[in-house]
Amino acid sequence: MAEARDVETDGSLDPQEVMPPGYRFMIGDRAIAYGAIYAGCTFFGGYPITPASEVAETMAEELPKVGGRYVQMEDELGSIAAVIGASWSGNKAMTATSGPGFSLMQENLGYAAMTETPMVLVDVQRSGPSTGQATLPAQGDVQQARWGTHGDHPIIALTPASVQEAFDLTVRAFNLAERYRTPVVLLADGIIGHASEQLEIPEDVETVDREVATADDEVVFGDGEVAPMPQFGEGLSAHVTGSTHEPDGMRDVSTREVHDELVRGFHEKIEGNRDDVVEYETRWTDDMDELVVAYGITGRIAEGALEQLHDDGQRVGLLRPTTLWPFPEAVVADLSTEVEKIYVPEMNLGQVSREVERVAEAPVELIDRIGGDPFTVHELADRIGGERA
Amino acid sequence: MSKPEPDESDLSYELLPYLREDQLPHTMCPGCGGGTVLNTFAKAVDEMDDLSVEDLLLVSGIGCSAWIPSPNFEADTLHTTHGRAVAFATGAKAGNPDQETIVLSGDGDLAGIGGNHLLHAARRNVDVTVVLVNNFTYGMTGGQVAPTTPHGSTTTTSPYGNPEDAIDISAVAEEAGAAFVARGATSRPHQLVQTLKAGIEKAGFSLIEVYSQCPTVYGRRNELRSAPEMLEWMEERISDGEFQVGTLVDRDREEFVASMDDIGETARAEHEPEDRQGAGRTGEDSMLRIAGEGGQGVVVAGTILGEGAALDGRNVFKTEEYGSRARGGVAHSDLIVADDEIHEAKVPEGDADVLVALTDAALADHRDVLDDGGTLFVDADLVENPPEDAIQVPFSELAREAGNERATNMALIGYLNERLGLANEETLADSIRANLDAMLDVNEAAFERGVEAAHEE
Numbered sequence: 001m002a003e004a005r006d007v008e009t010d011g012s013l014d015p016q017e018v019m020p021p022g023y024r025f026m027i028g029d030r031a032i033a034y035g036a037i038y039a040g041c042t043f044f045g046g047y048p049i050t051p052a053s054e055v056a057e058t059m060a061e062e063l064p065k066v067g068g069r070y071v072q073m074e075d076e077l078g079s080i081a082a083v084i085g086a087s088w089s090g091n092k093a094m095t096a097t098s099g100p101g102f103s104l105m106q107e108n109l110g111y112a113a114m115t116e117t118p119m120v121l122v123d124v125q126r127s128g129p130s131t132g133q134a135t136l137p138a139q140g141d142v143q144q145a146r147w148g149t150h151g152d153h154p155i156i157a158l159t160p161a162s163v164q165e166a167f168d169l170t171v172r173a174f175n176l177a178e179r180y181r182t183p184v185v186l187l188a189d190g191i192i193g194h195a196s197e198q199l200e201i202p203e204d205v206e207t208v209d210r211e212v213a214t215a216d217d218e219v220v221f222g223d224g225e226v227a228p229m230p231q232f233g234e235g236l237s238a239h240v241t242g243s244t245h246e247p248d249g250m251r252d253v254s255t256r257e258v259h260d261e262l263v264r265g266f267h268e269k270i271e272g273n274r275d276d277v278v279e280y281e282t283r284w285t286d287d288m289d290e291l292v293v294a295y296g297i298t299g300r301i302a303e304g305a306l307e308q309l310h311d312d313g314q315r316v317g318l319l320r321p322t323t324l325w326p327f328p329e330a331v332v333a334d335l336s337t338e339v340e341k342i343y344v345p346e347m348n349l350g351q352v353s354r355e356v357e358r359v360a361e362a363p364v365e366l367i368d369r370i371g372g373d374p375f376t377v378h379e380l381a382d383r384i385g386g387e388r389a
Numbered sequence: 390m391s392k393p394e395p396d397e398s399d400l401s402y403e404l405l406p407y408l409r410e411d412q413l414p415h416t417m418c419p420g421c422g423g424g425t426v427l428n429t430f431a432k433a434v435d436e437m438d439d440l441s442v443e444d445l446l447l448v449s450g451i452g453c454s455a456w457i458p459s460p461n462f463e464a465d466t467l468h469t470t471h472g473r474a475v476a477f478a479t480g481a482k483a484g485n486p487d488q489e490t491i492v493l494s495g496d497g498d499l500a501g502i503g504g505n506h507l508l509h510a511a512r513r514n515v516d517v518t519v520v521l522v523n524n525f526t527y528g529m530t531g532g533q534v535a536p537t538t539p540h541g542s543t544t545t546t547s548p549y550g551n552p553e554d555a556i557d558i559s560a561v562a563e564e565a566g567a568a569f570v571a572r573g574a575t576s577r578p579h580q581l582v583q584t585l586k587a588g589i590e591k592a593g594f595s596l597i598e599v600y601s602q603c604p605t606v607y608g609r610r611n612e613l614r615s616a617p618e619m620l621e622w623m624e625e626r627i628s629d630g631e632f633q634v635g636t637l638v639d640r641d642r643e644e645f646v647a648s649m650d651d652i653g654e655t656a657r658a659e660h661e662p663e664d665r666q667g668a669g670r671t672g673e674d675s676m677l678r679i680a681g682e683g684g685q686g687v688v689v690a691g692t693i694l695g696e697g698a699a700l701d702g703r704n705v706f707k708t709e710e711y712g713s714r715a716r717g718g719v720a721h722s723d724l725i726v727a728d729d730e731i732h733e734a735k736v737p738e739g740d741a742d743v744l745v746a747l748t749d750a751a752l753a754d755h756r757d758v759l760d761d762g763g764t765l766f767v768d769a770d771l772v773e774n775p776p777e778d779a780i781q782v783p784f785s786e787l788a789r790e791a792g793n794e795r796a797t798n799m800a801l802i803g804y805l806n807e808r809l810g811l812a813n814e815e816t817l818a819d820s821i822r823a824n825l826d827a828m829l830d831v832n833e834a835a836f837e838r839g840v841e842a843a844h845e846e
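Those protein sequences? They're chains A and B, same order as listed. At position 98 of the first sequence the residue is numbered 98 (my numbering), and the sequence of numbers has no breaks. Converting from the second sequence to my numbering requires adding 389 to each position, the first position being numbered 1.
Treat the hints as calculated values from the structure; they're not laboratory data. Backbone N, C-alpha and C fix where the C-beta goes; we use that ideal spot for every residue, glycine too. Any given hint could be a false lead.
Restraint ranges, calculated between C-beta atoms of paired labels, are given here [what the hints assert, rightly or not]: (1) Glu815/B / Arg354/A: 31 to 41 Å; (2) Asp487/B / Gly11/A: 15 to 25 Å; (3) Ala560/B / Asp209/A: 38 to 48 Å.
Chain A regions said to be covered by chain B (calculated; three or more residues, Cβ under 8 Å) [said to hold, decoys possible]: (4) 80-87; (5) 236-250; (6) 291-301.
Using the sequences and the hints given, assemble the complete structure.
Rendered as structure tokens:
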């Protein structure tokens with residue numbers, strides 16, 4: 001397997017030298033940047049936007065130390081384009097944005113899906129639509145992450161509930177991107193992005209590197225088994241196009257079977273690896289009357305609420321997905337057979353609740369919230385458990 | 390240097406080894422200038438002894454001209470989305486400077502929808518060569534008016550004549566800072582080969598605008614029905630000075646990707662390793678809010694207290710809100726410190742164990758956050774009308790005694806930590822040193838006075 005660009009020869013620092021392991025106190029945006037550096041990121045293309053700018057600022061400060069490159073592009077269209085270009089020239093690459101920028105990136109997110117480009121797109125969600133409440137948090141981009149670009153495509157999206165998870169899931173996002181040759185979206189939110197928390201930087205993290213194609217590989221696109229990547233600069237005369245293409249990369253835009261096999265292949269490699277991709281946490285689900293499905297910052301608040309309800313003797317289970325796409329259908333369907341009711345609190349008007357309804361056997365109640373204020377523990381405890389003395 | 394070997398037995402086309410033969414025949418219309426561009430480009434590459442095909446990366450966008458390199462040229466080829474080729478190329482080049490990165494695409498793609506990327510790549514002076522094939526129209530979509538369409542021309546979307554003037558994209562690139570700008574024309578292929586070579590060789594951003602004929606969807610609507618007619622039209626315009634060909638600018642500027650090596654060195658030289666660790670501690674759970682005017686340092690106070698507790702291994706969740714004005718608006722910092730997991734995303738109304746208010750306005754705004762049994766600390770001087778249950782602490786006076794009222798937040802940190810036991814004193818002192826760079830002596834003295842004040846009660 002060929003290596004990514006060699007940055008070991010120019011006095012570059014290790015991630016551990018840039019931000020040593022141990023207890024640290026930082027905002028989620030910075031934790032995302034350090035997670036990326038620990039994962040081996042060597043390219044960041046960005047454009048400032050609240051509340052994601054601190055990811056770019058940290059990358060601009062730290063990435064050059066590990067031999068990586070930060071480029072501030074002229075807009076979000078260019079940011080993701082540069083990231084895809086850098087990925088093909090041998091880098092683990094990332095961009096970070098928020099809702100409006102995420103909307104602008106959708107076309108090239110589809111390009112990354114179509115060309116099976118490993119890359120990480122961080123969306124620190126804020127309150128929309130449009131400029132909305134630019135400085136306030138939301139969870140309103142969940143469905144945009146899934147369906148924002150045109151055409152059928154799979155996507156992986158992860159969502160952190162703490163600054164620690166912001167670090168950990170960024171590492172995981174890179175590993176999944178490299179393993180499955182696919183764009184991965186990290187759906188953080190304005191609270192996690194800007195809140196400072198303790199986090200423990202680990203001594204080391206497990207990293208995954210893409211398999212780079214050789215001249216002997218004939219299938220380099222559209223294989224349900226993850227084709228090796230015909231990276232640039234390897235003498236492969238790689239042909240990469242967002243048009244429908246054959247397994248060797250050459251364009252064929254008119255044959256139904258070629259398109260069908262290509263696009264189904266993308267889905268197969270993600271769907272066929274759900275066991276690896278889909279992660280979630282459960283608590284109190286062994287013996288429950290009701291279930292709460294909650295994610296990101298809201299998942300964390302919900303956990304506090306359920307702790308209170310359990311203290312009161314109520315039996316409510318928690319499912320907290322950290323993978324939102326592909327949606328953890330199996331576990332939702334499975335747990336739903338054991339309960340009378342499912343609550344889905346989220347900071348939007350019902351995006352994950354629709355997915356839960358789609359697969360659940362029990363009635364689903366959305367607890368929605370927009371306007372920029374997060375739920376509180378008491379509030380969710382009251383909504384789920386009823387008013388208590 | 391690696392170049393494909395010509396097949397001596399096949400004399401049909403000496404540059405054939407540069408093409409993906411299995412993709413022939415190409416898809417260009419009869420008479421299209423794209424063939425000349427492909428031919429001259431292959432010739433230029435062939436004549437450049439130092440250029441290896443393995444190191445070539447061709448990037449294109451959407452449109453007829455984008456299909457000149459993709460799929461025809463046998464090299465790494467990135468066929469991208471409409472307008473974004475230059476941005477893709479910028480990332481690819483920065484990601485691997487060893488690649489000779491060349492964008493080959495059309496006028497609509499590069500000067501219309503992608504104009505902003507062209508502008509900024511020229512300004513940035515990234516070492517990418519852009520070959521902009523200007524055929525005066527959107528060809529692939531059937532001949533609509535383009536930003537390069539001459540005034541008065543007929544197209545499918547300017548059926549009564551183009552009311553707009555064409556953009557002079559070469560002049561724009563020059564003004565934006567391109568190191569090399571030249572124009573060529575498919576009517577002058579030998580000259581074009583030399584121009585392409587000069588642009589590729591140039592270290593820095595190069596734009597080569599190539600006038601190219603499109604008799605099929607542009608010419609036929611403008612009484613230029615064949616390639617020869619269009620080539621003659623181009624030559625006439627070159628002769629009468631309306632089209633200027635040749636090198637327009639050739640200058641040396643610092644190249645963008647090369648400058649990154651210096652940035653790396655500077656970043657490493659300025660790197661200060663973060664190796665602080667607290668001694669570790671546990672304590673009471675606390676939810677506190679510190680509120681004051683913007684400029685009083687309440688956010689920094691929250692950061693230092695939170696950081697101290699976090700470095701001591703405790704769980705901390707800190708959020709803040711700045712006043713709308715840089716100084717004057719009410720700002721506050723919410724801090725939740727616990728040894729167990731924290732679930733709240735902010736300090737809920739009515740739940741705070743502690744509220745510190747440094748001004749009357751801050752007190753009025755935040756009074757309700759305090760739990761019924763919570764403790765209210767107010768600045769003894771700055772809060773003029775404290776409620777009866779408030780504990781008045783002379784934070785600002787302690788700071789003045791230490792040398793400057795601006796260190797009020799440090800006195801607050803020392804006092805509050807001594808009362809609440811959030812973090813070890815040494816860890817906090819470290820954190821103060823790490824977070825502040827001005828007036829360190831005064832700040833440390835104010836912190837100490839805050840600690841002492843807590844003992845005096």
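Okay, the hints, checked on the actual structure:
Checked against the hint of 31 to 41 Å, the C-beta distance between Glu815/B and Arg354/A comes to roughly 52 Å, which is inconsistent with it. Checked against the hint of 15 to 25 Å, the C-beta distance between Asp487/B and Gly11/A comes to roughly 19 Å, which is consistent with it. Look at Ala560/B against Asp209/A: about 45 Å separates their beta carbons, and that is inside 38 to 48 Å. Proximity of the stretch 80-87 of chain A to chain B, defined as three or more residues with a beta carbon under 8 Å from a beta carbon of that chain, is established by the 7 residues found.
Only residues whose C-beta sits within less than 8 Å of a C-beta in chain B count toward coverage, and the stretch 236-250 of chain A has 9 of them, enough to reach three; the restraint holds. Under the rule that three or more residues need a Cβ within less than 8 Å of chain B, the assignment of the stretch 291-301 of chain A holds, with 3 such residues.
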